[in-house]
Structure formats: C-alpha cells, structure tokens
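J.: Sequence lines, in order, name chains A and B. Residues are numbered in my numbering as their position in the first sequence, beginning at 1, plus a constant of 605. Residues are numbered in my numbering as their position in the second sequence, beginning at 1, plus a constant of 324.
Any given hint might turn out to be false.
Unchecked claim - Derived list of chain A stretches under chain B, where covered just means 3 residues or more per stretch with a C-beta under 8 Å from a C-beta of chain B:
| id | segment |
| --- | --- |
| 1 | 651-659 |
| 2 | 724-738 |
What the hints assert, rightly or not - Pairs of lysine-lysine, DSSO-like flavour, derived with a Cα cap of 30 Å:
| id | chain 1 | residue 1 | chain 2 | residue 2 |
| --- | --- | --- | --- | --- |
| 3 | A | Lys838 | A | Lys808 |
| 4 | A | Lys608 | B | Lys763 |
| 5 | B | Lys676 | B | Lys534 |
| 6 | A | Lys700 | B | Lys437 |
| 7 | B | Lys471 | B | Lys534 |
| 8 | A | Lys813 | A | Lys838 |
| 9 | A | Lys608 | B | Lys437 |
| 10 | A | Lys608 | B | Lys534 |
| 11 | B | Lys331 | B | Lys534 |
| 12 | B | Lys437 | B | Lys331 |
| 13 | B | Lys471 | B | Lys763 |
| 14 | B | Lys437 | B | Lys676 |
| 15 | A | Lys813 | A | Lys700 |
| 16 | A | Lys608 | A | Lys659 |
| 17 | B | Lys437 | A | Lys659 |
Since the hints were made in silico from the structure, they are not lab data. None of the values given here were measured: they were computed from a predicted structure. Note that the Cβ used here is the ideal one computed from N, Cα and C, for glycine as well.
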Amino acid sequence: MSKRIAFWIFLIGTLSSSALFLFLTFDTQRQVEALSHADRIDDRVIAGKRAFQKYNCNDCHTILGFGGYYAPDLTRVIRRVGAEGVRYRVTDPGKAFANGWRKMPNQHLAAAEIDDLAAFFTWVDGIENGDWPPQDSRKRLSRAGERLVASAAASPGAAVFQTRGCMSCHTLHGAGGTFGPVLDTIGARLSAGQIERYVQDPKTVNPKANMPAQTGLTDREREEVARFLSSLK
Amino acid sequence: MEFRSQKIAYWYFVAALPLFLLQVVLGLWLAVNYTFTVPQSVVDVFPFATARAFHTNLLVLWMLLGFMGGTYYIVPEETRSEIYSTALAYVQLVALLLTGVAALVGFAFGWTKGRPLLEIPFPLNLVVVAGALIFLFNVGMTMFRAKRWTVIQGTLLGGLVFLAGLYLFGIPFYRNLVIDWYYWWWVIHLWVEGAWELVTGSIMAFILMKLTGVDREVVEKWLYVEIGLFMFTGVAGTGHHYYWIGAPSYWLWVGGVFSALEPLPIMLMVIDTMQHVKRRRTRIVNPLVWTYAIGCSILHLIGAGVWGFLHTLPQINYYTHGSQVTVSHGHLAFFGAYALLNLTTFYYAMPKLQGVAVFDDRRGRIAFWTMCIAMMIMGLTFGVAGVLQSYIERVLGMGYMTAQSYMRLWMGVTLFAGVFFLSGVVLAVTDLLSLRPAKVAATKV
Ligand code: HEM
Ligand SMILES: [Fe+2]
Numbered sequence: 606m607s608k609r610i611a612f613w614i615f616l617i618g619t620l621s622s623s624a625l626f627l628f629l630t631f632d633t634q635r636q637v638e639a640l641s642h643a644d645r646i647d648d649r650v651i652a653g654k655r656a657f658q659k660y661n662c663n664d665c666h667t668i669l670g671f672g673g674y675y676a677p678d679l680t681r682v683i684r685r686v687g688a689e690g691v692r693y694r695v696t697d698p699g700k701a702f703a704n705g706w707r708k709m710p711n712q713h714l715a716a717a718e719i720d721d722l723a724a725f726f727t728w729v730d731g732i733e734n735g736d737w738p739p740q741d742s743r744k745r746l747s748r749a750g751e752r753l754v755a756s757a758a759a760s761p762g763a764a765v766f767q768t769r770g771c772m773s774c775h776t777l778h779g780a781g782g783t784f785g786p787v788l789d790t791i792g793a794r795l796s797a798g799q800i801e802r803y804v805q806d807p808k809t810v811n812p813k814a815n816m817p818a819q820t821g822l823t824d825r826e827r828e829e830v831a832r833f834l835s836s837l838k
Numbered sequence: 325m326e327f328r329s330q331k332i333a334y335w336y337f338v339a340a341l342p343l344f345l346l347q348v349v350l351g352l353w354l355a356v357n358y359t360f361t362v363p364q365s366v367v368d369v370f371p372f373a374t375a376r377a378f379h380t381n382l383l384v385l386w387m388l389l390g391f392m393g394g395t396y397y398i399v400p401e402e403t404r405s406e407i408y409s410t411a412l413a414y415v416q417l418v419a420l421l422l423t424g425v426a427a428l429v430g431f432a433f434g435w436t437k438g439r440p441l442l443e444i445p446f447p448l449n450l451v452v453v454a455g456a457l458i459f460l461f462n463v464g465m466t467m468f469r470a471k472r473w474t475v476i477q478g479t480l481l482g483g484l485v486f487l488a489g490l491y492l493f494g495i496p497f498y499r500n501l502v503i504d505w506y507y508w509w510w511v512i513h514l515w516v517e518g519a520w521e522l523v524t525g526s527i528m529a530f531i532l533m534k535l536t537g538v539d540r541e542v543v544e545k546w547l548y549v550e551i552g553l554f555m556f557t558g559v560a561g562t563g564h565h566y567y568w569i570g571a572p573s574y575w576l577w578v579g580g581v582f583s584a585l586e587p588l589p590i591m592l593m594v595i596d597t598m599q600h601v602k603r604r605r606t607r608i609v610n611p612l613v614w615t616y617a618i619g620c621s622i623l624h625l626i627g628a629g630v631w632g633f634l635h636t637l638p639q640i641n642y643y644t645h646g647s648q649v650t651v652s653h654g655h656l657a658f659f660g661a662y663a664l665l666n667l668t669t670f671y672y673a674m675p676k677l678q679g680v681a682v683f684d685d686r687r688g689r690i691a692f693w694t695m696c697i698a699m700m701i702m703g704l705t706f707g708v709a710g711v712l713q714s715y716i717e718r719v720l721g722m723g724y725m726t727a728q729s730y731m732r733l734w735m736g737v738t739l740f741a742g743v744f745f746l747s748g749v750v751l752a753v754t755d756l757l758s759l760r761p762a763k764v765a766a767t768k769v
C-alpha cells in the first residue's frame, strides 16, 4: 500500500461517515420535535430545566442515563414518586433521607422553583426514548400490573398497598421506598386494629411519627390494607 | 531540545502535573462518598456533585494542557522553526490556568452551568475560546511561516481545530433536553473518539518515529490509515449515545454497527507500534519511554476498544447504560488512552527539556506499574459493581438504593485501589518534576 492510497482511505473514511452523520443529524432535529413532544415545552418546563442546571442536580443524578451515577435516574421520577414525592425530597432532604445511608444536599430551593422542576420532570417523563430505563419501563409496570390484578382477588389489601402510594415510602420484600420502615414482619408487632388507627392518624399511636395521615383512603381500603399487613408475621 | 521555544512545553507540563494529582485526590473523595455515609452537614456544604465537577474538569484541563505542551514541543521539530510567538504561548497558559482556578472556586460556590463535564459558566467559556484561538493562531502561524508540511503536523493541527470547533456546541442553553444531550455528545464523544484520537495518533507517530528511527514515510502512511478508520467508525459511531435519549430508532443500527468497528483502528495502532519497535534502527536510550508508549497502546485497546465494545451494542446497553459499567469503561479508557499518552509525552520530552540525556528511571518504572495495576483493579471493581447494578436494579427491578447497598463493598475496594493508584501518581509527578541523570549510563555503552 502506498502513502497515496492511505491518504484516500483517510479522505473517503472521514467524508462518508461525516456525510451520513450530518444527514442523520438534520433528520433527528426534525423528528425529535414529535418524539419529545416539544410542543409541551412551555415557560414552566424551561424554568424547570434552568433550575435543574442551576442546582447541578445532574452531577449526582442521571437523566436519560447521563450525568453522575450517585443517585437514582430522574427520567421517570414523576412516574415513580409523583410531583408530591419530588417536592417532599427536595424541600427537606435531611428529613426525607434521615434513615438513608446516602444523603442529598439541602439547597434551599424556593417553592416556585420546585414547581418548575416538577413541570420539567413531567415533560421529560413523556419523552419517547425506547422505554428506558428498564426498571421504570412500561413493560415492567404492565407486568407488575398483571400480577396485581391476579392477586387483587386473593388479597385486596395487598392491592391497596401497591396502588395507593404506601410503597413510595415503605418496602415490602425488597421493593418500595426507603423513607419509612420496612414492613416485612409488621404483623408481628401490630394488630390489624392498631395498623388501621396508625394509617388514619399516625400521631395518635406514636406522637413522634413522621408519616403523614393517609386521608385519601376509604374506610374499606384502610380496613383491607390493615388486615393484609397484620398477616405479615 | 533543538529549538529554544520548545521550552514552552516545559511550563505546560509543570502546570498539568499538579492538576493530575488534584484530580485523583478528588476521585478518592468521590469513592469515600460511595462507601461511607457522609453526614448531612458536610453534604450540604460540599456535595458529591461539586466534587465530581472538580474531578472531571481537572481531568480535561490537565490533559488539554498536556496536549498543548506536547504540540509546542513537536511543532518546532516538525517545522524546523521556532514557535511564532513565545509570549502568546505564555499568555494563553496563564489565561487557561486562571480560568481553571476561577471555575473551581466558582463550582464550590454554586457558580455552574450544571451540565455534566461542561459545567464551566458562559463567561469562562469565552476565555477558553479566546485561549483556544490564540493557541491555534500561534501554532498555525508557525506552520504557515515555515511552509514545511508533514502529515504528522497536519493531523495535529486538524485534530486541534476539530477539537476547538466541537467545544462550541457545548456552550449554548438548550431548551429541549433531548437536543441538549444530542449536542453534548458532539463535545464528549467526538472529542474522545474523534479529535483526541487524531491528536493522539499524531503525537504517538512523532514519538515513535523519533524513538525508533523508522522512516517517516512508513509512519505517516500508517497514520493516514489509522485516522481514516478513527473518523469512519467514530463519527457515525456517536450514535451509540443516542439509543435512549428520544432520538429516532435508526440510531440503534447506525450507532451499533459503526461503534462496534471502533476497536479496529485502536488495534491497528497497537500492531503498528509493535512493528515499529521491532524494526527499530536506533539504540534504546531511555527504555522507560518505550514502556510508557507500549503500555499506552495496550491499555488504550483494553479500556477503549474492549471495554467500550462490551456495552456498545443496544441489546446490552439497555441494561448497562448510565451505570457503574459506564464508569469502569470511562476510567480505563481515559487512563489507558489519554493519561498514558500524556505521560509518554512527558517522559519523552521532560528529560530533554531538563537537559538530562539519560535519566534514572527507577521511580518512573515503579510509578508506571503501580498506576497500571491499580487502574486495572479499579476497572474490575467498578465493573463488578456495574454488573451488580445492571442486574439488581435494571433486570430484577429492585430499588436504586437496594442495588447500591450490594455494590457498596466493591466501591470500598475501589477506594482502596484508588489509594494505591494515588501513590503511583505522586511518584510519577515527583519524578517528572525532578529527573536525575542515571548513574549507570557510563558503564552501559
Ligand atoms: C479513548 C477513547 C475513549 C474514552 C476516553 C471514552 C470515555 C467514555 C466516557 C467518559 C464515557 C461516559 C460518559 C458519560 O456518560 O458521562 C463513555 C461512554 C461510552 N463509551 Fe466510551 N470512551 C472511549 C472510547 C470508546 C469506544 C472505542 C467505544 C466503543 C467501542 C466506547 C463505547 C462507549 C459507550 C457505549 C458509552 C456509553 C455508556 C452508557 O451507555 O452509559 N467508548 N466513554
Ligand atoms: Fe462514545
């Protein structure tokens, strides 16, 4: 091989790959409008993105899988914990993560900034990105949903526990949140009646309880979830 | 040292070395954060995010200073002329260092753009751009004035212009997060798998040519083929970062196919280094430089080629994306390709810049093996943590922190290996700043 041929390898290699890349870039720019639902990007969403950058959230958390790997991915955070969950964690991380072994800084965000963040995350949640990340994917949620339907007849209480937000704070057998205690064997400590009272108003059972009263549950739901939990011994 | 202005390189290297050390110290602090519980009061003042911005920006800064110093060393010899303006070169060095200091102090007080690896705020971007323009002007003028064109310096200049141009895409505020990441990778990927590879190819070709005495014709022919393959696979290969960002799904094919070929030019570089060394026409004067050069080519292949290939196919990347697997690859690749390239350059040029013909290489040798072994261990421990994370969090779907609790042990081992690595860095940095003539040189003949 002569130097001349080598030169042509360089030139053709560079130009062909670059031409393909630039063409696809042009097409991607166009298609991303639809794939990301760019029409939903309003001032709130943009303000939320600015807040996200201002507080350097992205150097601990990944989003769309990029950034620091020190804290959970935020692509589907709205699906996972809801806007309320975001607000709770950002407002007072010291309290929210008091039981955790990894901490998040309190950066004293204004309430409006947190609302903007939630708007931003809500928009991000809608990005059609091949159902990544797997742990929060629709595929997994629908599988979990099927299991739930199958088990709801056998144990309505378990269904309440899974669908009414208990799991954003509590863990059962390894799945769920970490703010509240693990409830794997709660039935050994509390009776159904005690659990029911606790869920309705935690402070009447334990004045120092951090858990908010679950006022959103119907009497029937509260009764079922208490019966279910008291069976876990 | 044949040309007086090559001395500029010395000050770039002197500036780069302590920054390397500081980068690694901050890396250890990050590992502490993963292994132990840092109290809320400390986290509120100096969060992980700030330390990570320090760690990564220091990496980029010291490596760019190393490349620039290397350029100022090589260009006079290639053009057979002095650098256009020594004064400009020093102005540029001071500007960059001041930017670096301002950026770090700024980060500590929350002055940040908040985009990973590109945290430097807008006003500092402008100083960086000005510095880059001065640099390119200075180097370009030297070449134009000399009117002596070689493939090595052409590649070097081309790579540097490409590098500087890409930086511009990292500066604006993007309203759409998808587009934001799309162009973020124009900086990050097209740097490390494009522009920086051109710079590396060129510097490596220069050093190998000087060390081995192999004909320029042969060296430059291989250089053309290598950079051609780097550009062919690397440019369209950017698509391996576009799988899960909300870009069209053809990127799964384009990214997967092109990036799967990326190890080829790296392999070629290893083969061609070995060939040159085997066919050398000159005596080995400072064997340690050879050790670093060969170590660089091999670890470049392992860290970038093999480790990159392992998770570049979409079917695998779906589970490993944004996990400690990424971290394992990032460390092995940056160390193998670019830290070792810089250290090779330093070990090649520093003896000449300090006027030591044959240097005592015992410290440098221990440093080489310490760093390489420690980094391989870190690659493995990050890797184990990453596989655990991919399986527990992504396949089983258990919580993020549940996975982290299983990974914690391995992050602790990484911290331990990191201390070992740091000792190697301390040794290398001290050694390079105070090279001593070898005592045995006279008896060797
Ligand atoms: C010397 C060259 C290289 C360096 C310095 C390097 C460095 C890095 C770094 C630092 C990241 C993480 C960026 C981030 O998300 O924050 C990364 C990601 C990645 N690299 Fe490389 N890389 C190199 C070459 C390669 C090659 C040759 C391949 C493929 C064959 C490759 C495949 C990948 C992939 C697939 C990812 C994405 C990981 C994920 O999805 O999280 N890299 N690289
Ligand atoms: Fe890449």
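J.: Quick one, are A/Lys608 and B/Lys763 close enough, alpha carbons at most 30 Å?
T.: 43 Å, violated
J.: Holds or violated: B/Lys471 with B/Lys534, Cα cutoff 30 Å?
T.: Roughly 21 Å separates the two Cα atoms, so the pair holds.
J.: Within 30 Å, alpha carbon to alpha carbon, are A/Lys608 and B/Lys437?
T.: Roughly 46 Å between the alpha carbons, so the hint for A/Lys608 and B/Lys437 is violated.
J.: At a Cβ distance under 8 Å, does chain B reach at least three residues of the segment 651-659 of chain A?
T.: holds (count 6)
J.: Hinted pair, alpha-carbon criterion (30 Å max): A/Lys700, B/Lys437. Please report holds or violated.
T.: This hinted pair holds, its Cα atoms lying about 28 Å apart.
J.: Check the hint pairing A/Lys608 with A/Lys659 against an upper bound of 30 Å on the C-alpha distance.
T.: 52 Å, violated
J.: Counting residues of the segment 724-738 of chain A that have a beta-carbon nearer than 8 Å to any beta-carbon of chain B, does the count reach 3?
T.: Holds, because 7 residues of the segment 724-738 of chain A bring their Cβ atoms closer than 8 Å to Cβ atoms of chain B.
J.: Are B/Lys437 and A/Lys659 close enough, with their CA atoms no more than 30 Å apart?
T.: 6 Å, holds
J.: Would the pair A/Lys813 and A/Lys700 pass a check requiring their Cα atoms to be no farther apart than 30 Å?
T.: Distance ~13 Å between A/Lys813 and A/Lys700 Cα, so the pair holds.
J.: Can you confirm whether the C-alpha distance between A/Lys838 and A/Lys808 stays at or below 30 Å?
T.: Satisfied, since the Cα-Cα distance of roughly 24 Å is no more than 30 Å.
J.: For B/Lys437 and B/Lys676, compute the direct alpha-carbon distance and say whether it is at most 30 Å.
T.: Violated. B/Lys437 to B/Lys676 sits at ~41 Å, over the 30 Å cutoff.
J.: Holds or violated: B/Lys471 and B/Lys763, Cα atoms, limit 30 Å.
T.: Distance ~42 Å between B/Lys471 and B/Lys763 Cα, so the pair is violated.
Taken one by one, the earlier hints fail for this structure at numbers 4, 9, 12, 13, 14, 16, listed in ascending order.
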